[in-house]
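> Start counting the sequence shown at 1; every next residue gets the next number (UniProt numbering).
The reader is advised that the hints may include incorrect statements.
In silico DMTMM-like cross-links for lysine to aspartate or glutamate, where the CA-CA straight-line distance does not exceed 20 Å [stated by the list, open to error]:
| id | residue 1 | residue 2 |
| --- | --- | --- |
| 1 | Lys94 | Asp104 |
| 2 | Lys53 | Asp104 |
| 3 | Lys53 | Glu93 |
| 4 | Lys49 | Asp99 |
| 5 | Lys31 | Asp106 |
| 6 | Lys49 | Asp106 |
| 7 | Lys94 | Asp56 |
| 8 | Lys58 | Glu86 |
| 9 | Lys49 | Asp104 |
| 10 | Lys53 | Asp106 |
| 11 | Lys49 | Glu86 |
| 12 | Lys53 | Asp99 |
| 13 | Lys49 | Glu78 |
| 14 | Lys58 | Glu84 |
| 15 | Lys82 | Asp56 |
| 16 | Lys58 | Glu78 |
| 17 | Lys49 | Glu84 |
| 18 | Lys94 | Asp106 |
| 19 | Lys31 | Asp104 |
| 20 | Lys72 | Asp56 |
| 21 | Lys53 | Glu86 |
| 22 | Lys53 | Glu84 |
Simulated DEER-style distance windows between Cβ atoms [what the hints assert, rightly or not]:
| id | residue 1 | residue 2 | range |
| --- | --- | --- | --- |
| 23 | Glu44 | Glu84 | 37 to 43 Å |
| 24 | Ile81 | Lys49 | 22 to 28 Å |
| 25 | Gln103 | Lys26 | 35 to 41 Å |
| 26 | His116 | Ala14 | 16 to 22 Å |
| 27 | Lys82 | Leu57 | 41 to 47 Å |
| 28 | Pro11 | Val73 | 44 to 50 Å |
| 29 | Val73 | His33 | 22 to 28 Å |
| 30 | Ala14 | Ala112 | 16 to 22 Å |
| 31 | Gly37 | Lys72 | 44 to 50 Å |
| 32 | Lys26 | Asp56 | 46 to 52 Å |
| 33 | Thr107 | Lys26 | 29 to 35 Å |
Derived from the structure by calculation, the hints contain no laboratory data. If you're wondering where the values come from, they're calculated on a predicted model, not measured in any experiment. Beta carbons are placed, not taken as given, at the ideal position from N, Cα and C, and that holds for glycine.
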Amino acid sequence: MVTRQDEQEGPHLAPPSPSGQVLDDKLVFAKVHTLWGVLCTYAEIMHIKLPLKPNDLKTRSSAFDNFSCFMKVLQVDENIIKPEQEFFTALLEKSCVNDFYIQDRDTFFNPATRSHIVSLNRV
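My request is simple: use the sequences and hints to build the entire structure.
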């Protein structure tokens, strides 16, 4: 249930900056700001899995290791695309938010998750 206070704390549009990139007179980019508490509340409602801690387990060898010469063709050069760190994940609960792997509140929710939460919040 969304309360009147949540509506006031909901997403806010920031006017586009004059130094921002303008591609067309009809196309305007605006930043959507949402408070940390609103993001956490809706992440809990939506049952979003978020990083709990870095995965420190070693990967086990598999049957495909015998075909490594064939698989090498499919591998991406790590100098071009850096491998992403793997994490253990869990459903976000506001009561346990301090247990999650939060280095920076601005980057904890990726842009896709933020967009999804904001679009749900508008409904």
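> Is the hinted pair Lys49 and Glu84 satisfied, with a Cα-Cα distance of at most 20 Å?
Cα-Cα ~17 Å, so holds.
> Within 20 Å, alpha carbon to alpha carbon, are Lys82 and Asp56?
holds, 18 Å
> With the threshold set at 20 Å, check whether the alpha-carbon distance from Lys58 to Glu78 stays at or below it.
holds, 19 Å
> Checking one constraint from the list: CA of Lys53 to CA of Asp99, max 20 Å. Satisfied?
holds, 8 Å
> If you check the beta carbons of Glu44 and Glu84, does the distance land in 37 to 43 Å?
violated, 25 Å
> So if I understand the rule, the pair passes when the alpha-carbon distance is 20 Å or less; does Lys94 with Asp106 pass?
holds, 17 Å
> Starting from Lys53, check that the Cα of Glu93 is at most 20 Å away, please.
Cα-Cα ~15 Å, so holds.
> Next pair to validate is Lys53 with Glu84; report whether the Cα-Cα distance is within 20 Å.
holds, 14 Å
> Is Lys31 within 20 Å of Asp104, Cα to Cα?
holds, 19 Å
> Need the status of pair Lys53, Asp106: alpha-carbon distance at most 20 Å?
Status holds; Cα separation ~18 Å.
> Check the hint pairing Lys49 with Asp104 against an upper bound of 20 Å on the C-alpha distance.
Cα-Cα ~17 Å, so holds.
> Keeping to a limit of 20 Å between CA atoms, is the pair of Lys72 and Asp56 held or broken?
violated, 24 Å
The structure does not agree with the numbered hints 7, 13, 20, 23, 27 and 29 stated previously, though it agrees with the rest.
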